[in-house]
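**Q** Here's the letter readout for the chains.
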Amino acid sequence: MGFRFDSLLPIARGLSVTLREFFRRPVTIRYPEQKRPLSDIYRGAVGMRRRPDGRPKCVGCGLCETACPNECITITTESNPAQPTEKVVTSYTLDVGRCLFCSLCVEACPVEALEMTNAYNFSTNDRSTLIYDVDRLMDLVDKQGKEAATLE
Amino acid sequence: MTELVITILIKSAIAFVVPLLVVPPLIWGERRLLGRIQSRVGPNRVGPMGVLQTLADAVKLLGKEDIVPAGADRSLFILAPFLLLVPSFMAWSVVPIGTELTILGRTIGLYPTDVNVGVLYILALTSVAVYGIVMAGWASNSKYALLGSLRSSAQMISYEIMLGLSLVGVVVLAGSLSLPEIVRQQQVPYAIPLFVGAFVFVCAALAETNRAPFDLPEAETELVSGYHVEYTGWRFAFFFLSEYANMLLASFLVSAVFLGGGWPAPLLEPMIGHLPAMFLALVFMVTKVFLFLFFYIWLRATLPRFRYDQLMNFCWKVLLPLGLLNVAIATVLKLTIYA
Chain A
905 MGFRFDSLLP IARGLSVTLR EFFRRPVTIR YPEQKRPLSD IYRGAVGMRR
955 RPDGRPKCVG CGLCETACPN ECITITTESN PAQPTEKVVT SYTLDVGRCL
1005 FCSLCVEACP VEALEMTNAY NFSTNDRSTL IYDVDRLMDL VDKQGKEAAT
1055 LE
Chain B
528 MTELVITILI KSAIAFVVPL LVVPPLIWGE RRLLGRIQSR VGPNRVGPMG
578 VLQTLADAVK LLGKEDIVPA GADRSLFILA PFLLLVPSFM AWSVVPIGTE
628 LTILGRTIGL YPTDVNVGVL YILALTSVAV YGIVMAGWAS NSKYALLGSL
678 RSSAQMISYE IMLGLSLVGV VVLAGSLSLP EIVRQQQVPY AIPLFVGAFV
728 FVCAALAETN RAPFDLPEAE TELVSGYHVE YTGWRFAFFF LSEYANMLLA
778 SFLVSAVFLG GGWPAPLLEP MIGHLPAMFL ALVFMVTKVF LFLFFYIWLR
828 ATLPRFRYDQ LMNFCWKVLL PLGLLNVAIA TVLKLTIYA
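Residue numbers (this note's numbering), protein chains in the order written: chain A, 905 to 1056; chain B, 528 to 866.
What the hints contain is simulated information worked out from the structure, not anything from laboratory work.
Since the structure is predicted, the reported quantities are computational estimates derived from the model, not experimental observations.
A couple of the hints might just be wrong.
Interface residues of chain B toward chain A, partial, derived using beta-carbon atoms under 8 Å [what the hints assert, rightly or not]:
no. : residue
1   : G562
2   : R563
3   : I564
4   : S566
5   : R567
6   : V568
7   : L677
8   : A828
9   : F833
10  : T858
Cβ atoms here follow ideal geometry from the backbone N, Cα and C, with glycine treated the same way.
Modelling step: build the complete structure from the supplied sequences, incorporating the hints.
**A** See the structure below:
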């Protein structure tokens, strides 16, 4: 006979396995509502730190712009007549769409104005919104840790 | 006279609406259950906990283009889904949800009709469905569909015999082919004296409804989706609907025929009165149906698909002897205990 009745026993065992799994909690992380906790060394987008008075820490030296392999940082500066030794940063933009998160800019910065944040959600329908200005870059640093995982 | 007509209209409406209403949540429930068993969540976005998912899917299907493939046998291709869906709804006209209910001096049968050959009627209708599947596979002009329908015709024709054999035992004991009468006869559910028959029936019902582990006709991994690969839109929805309507029908049948319908509520009737007993009977019946549906889905989540030769061996070398044994047991019981 091609069928053995003792093979019903493994079927019963299989049924008990699936039943046990049924009463277990699903492992799914429901993403937009629940977020997975990030590693402490998670490397997301580059962010700009603030000075104590709230202005960006950048001094406009342009070293990060030079260090960036993808040329995603653009800095424009003008001179300050009152203090000829200092540059004034008029705009600092970073194209997150081109950034490769290599952190070379962070290492190049002489005043530690840049840092790697844990921001990772940049999705958008418009590429031009991926070019972050200095306020959004500072925002990334401000929000650091606040948007941390909701998953217990 | 008008009262009779109204009763008939209401009953037919119920017989038509019950499968239509129960099937969408059933599909949702199956997907949720499968999800939980596989450690995931299942559909949970449309409506509370995803209950409306099936509705959304149905709307999506209705919006799809209705494609008849080039080279398909047009008339057969169009006829096939109807041949499958219509019998699976027609079979509902004899399904007993309960027995008689006496309310306000009137006696209402909780079944659409009491055909005195109900069992035969259901067996006949389930065999018509095979033609739908064969036609669908043949008319599609696709090798996958054809293979699916070939497998299906062999499988369904073989397992139909086992379905019949397992019911013969019940018919012998009850002395009637009418489904409400079979339910009424069960002082003890027939699954206890005829547990062999019940086993054969459950296996055969799984195979008849093309459910896992007997889902060879639509084995996704081998045949894409079997006999209905080439169908789109609402025609595909017809196949889907009829499959689940059949699954529901099988659950109702097994509950009525082998698990005694509302048993043991009728036994309590002298103690708690007619109406509460009838209400309890309905509750028991529905609970049994849902437990059986759960079992169906649970089996699907557990067992891998049979190989074709295993399927045929199981049918002819295991179920057939068991089915005959079931008839023998029933005959002996009828001559002794049930005499």
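**Q** Should the hint that L677(B) touches chain A count as held when the rule is a Cβ pair under 8 Å?
**A** violated (21 Å)
**Q** For the hint on F833(B), just tell me whether its beta-carbon gets within less than 8 Å of chain A.
**A** violated (11 Å)
**Q** Is the hint on S566(B) kept, meaning its closest Cβ partner in chain A is under 8 Å away?
**A** For S566(B), the interface hint holds, since the closest Cβ of chain A sits about 5 Å away, which is under 8 Å.
**Q** At a threshold of 8 Å, is the proposed contact between R567(B) and chain A supported by beta-carbon distances?
**A** Hint on R567(B): holds, closest Cβ of chain A at ~5 Å, below 8 Å.
**Q** Double-check I564(B) for me: the hint is only fine if its C-beta lies closer than 8 Å to a C-beta in chain A.
**A** I564(B) check passes; min Cβ-Cβ to chain A is 5 Å, inside 8 Å.
**Q** Given a cut of 8 Å on the nearest C-beta pair, is the interface hint for A828(B) held or broken against chain A?
**A** Hint on A828(B): holds, closest Cβ of chain A at ~5 Å, below 8 Å.
**Q** Using 8 Å as the Cβ threshold, decide whether R563(B) counts as touching chain A.
**A** holds (5 Å)
**Q** Taking the least C-beta to C-beta distance, is G562(B) closer than 8 Å to chain A?
**A** The hint holds - G562(B) has a Cβ within 8 Å of chain A, the shortest such distance being about 7 Å.
**Q** Are V568(B) and chain A close enough, Cβ to Cβ, to be under 8 Å, as the hint says?
**A** OK, holds: V568(B) within 8 Å of chain A, min 5 Å.
**Q** Can you verify the interface hint for T858(B): is its Cβ closer than 8 Å to any Cβ in chain A?
**A** violated (23 Å)
Comparing the model with each earlier hint shows violations of hints 7, 9 and 10; every other hint is respected.
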